[in-house]
Structures are given as structure tokens and as C-alpha cells.
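For any residue, its number in our numbering is found by taking its place in the sequence shown, counting from 1, and adding 343.
Hints are computed from structural coordinates only; laboratory data are not their basis.
One should not assume that every hint holds.
[To be verified] Calculated lysine to any residue pairs in the SDA-like style (CA-CA distance at most 20 Å, straight line): (1) 345 x 388; (2) 345 x 419; (3) 394 x 422; (4) 348 x 384; (5) 394 x 407; (6) 345 x 417; (7) 362 x 349; (8) 378 x 351; (9) 378 x 408; (10) 348 x 379; (11) 359 x 345; (12) 345 x 392; (13) 345 x 387; (14) 410 x 399; (15) 378 x 349; (16) 359 x 392; (17) 345 x 420; (18) 348 x 364; (19) 345 x 380; (20) 378 x 356; (21) 362 x 345.
Remember, it's a predicted structure, so these values are computed and weren't measured experimentally.
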Amino acid sequence: MKILKEGIVSNSDMIKNYKTCRERADNTGRLFIFKNNQLDAVLFSLNEFEKLTPILEYFESLSDSDKMTALNLLQSLTQPNKINTPEFGC
């Protein structure tokens, strides 16, 4: 996952400058909030959240087996050198 510099904020800055951080989330789509130099939370703009909601709701409706299949497929798409192709035999 790529995290652009303008999409990063510290936890303390988020607390002190909430309004400014919200505006940044609106501009970038999401804001990655770090605490002690580790990713702690993600703040999505409403527009970005509305785009993701149908995908999340569909994923939640899948069986556990189908969720694992979907996750494996997504991983293979984001890591093209690690595509696992099923063996086909007679």
C-alpha cells in the first residue's frame, strides 16, 4: 500500500488540529494516523467511505471459504510474481 506524505498525520496532530485533518482527509480521500511511528488508524472522507461501503457489504455477505478465495485472489493481483494458479489434471 502506498501512503503519500500528505496523507499522513500524527495522533497528537489529529487531536490538536481535527478540523484541518478532516479537510486533508477530504482532499486526499483518506488520512493515515500514526502513533509512536506506527499506523494506528485511518480516517476516510465521506466520499471515499461511500465508494467502499458496497464492496465491504458484499464481502461481509460471503461465506468464510469465499472470503479466503477472494483474499487470495486480491493478494495475487497486488503481488503479480506470487500468482498461485491451480493445477489442472485429468
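Hint check results:
| no. | hint | verdict |
| --- | --- | --- |
| 1 | 345 x 388 | holds (17 Å) |
| 2 | 345 x 419 | holds (17 Å) |
| 3 | 394 x 422 | violated (24 Å) |
| 4 | 348 x 384 | holds (15 Å) |
| 5 | 394 x 407 | violated (23 Å) |
| 6 | 345 x 417 | holds (16 Å) |
| 7 | 362 x 349 | holds (15 Å) |
| 8 | 378 x 351 | holds (11 Å) |
| 9 | 378 x 408 | violated (34 Å) |
| 10 | 348 x 379 | holds (17 Å) |
| 11 | 359 x 345 | violated (26 Å) |
| 12 | 345 x 392 | holds (18 Å) |
| 13 | 345 x 387 | holds (15 Å) |
| 14 | 410 x 399 | holds (11 Å) |
| 15 | 378 x 349 | holds (16 Å) |
| 16 | 359 x 392 | violated (24 Å) |
| 17 | 345 x 420 | holds (15 Å) |
| 18 | 348 x 364 | holds (13 Å) |
| 19 | 345 x 380 | holds (16 Å) |
| 20 | 378 x 356 | holds (10 Å) |
| 21 | 362 x 345 | violated (24 Å) |
In terms of the numbered hints stated before, the structure departs from hints 3, 5, 9, 11, 16, 21, listed from lowest to highest.
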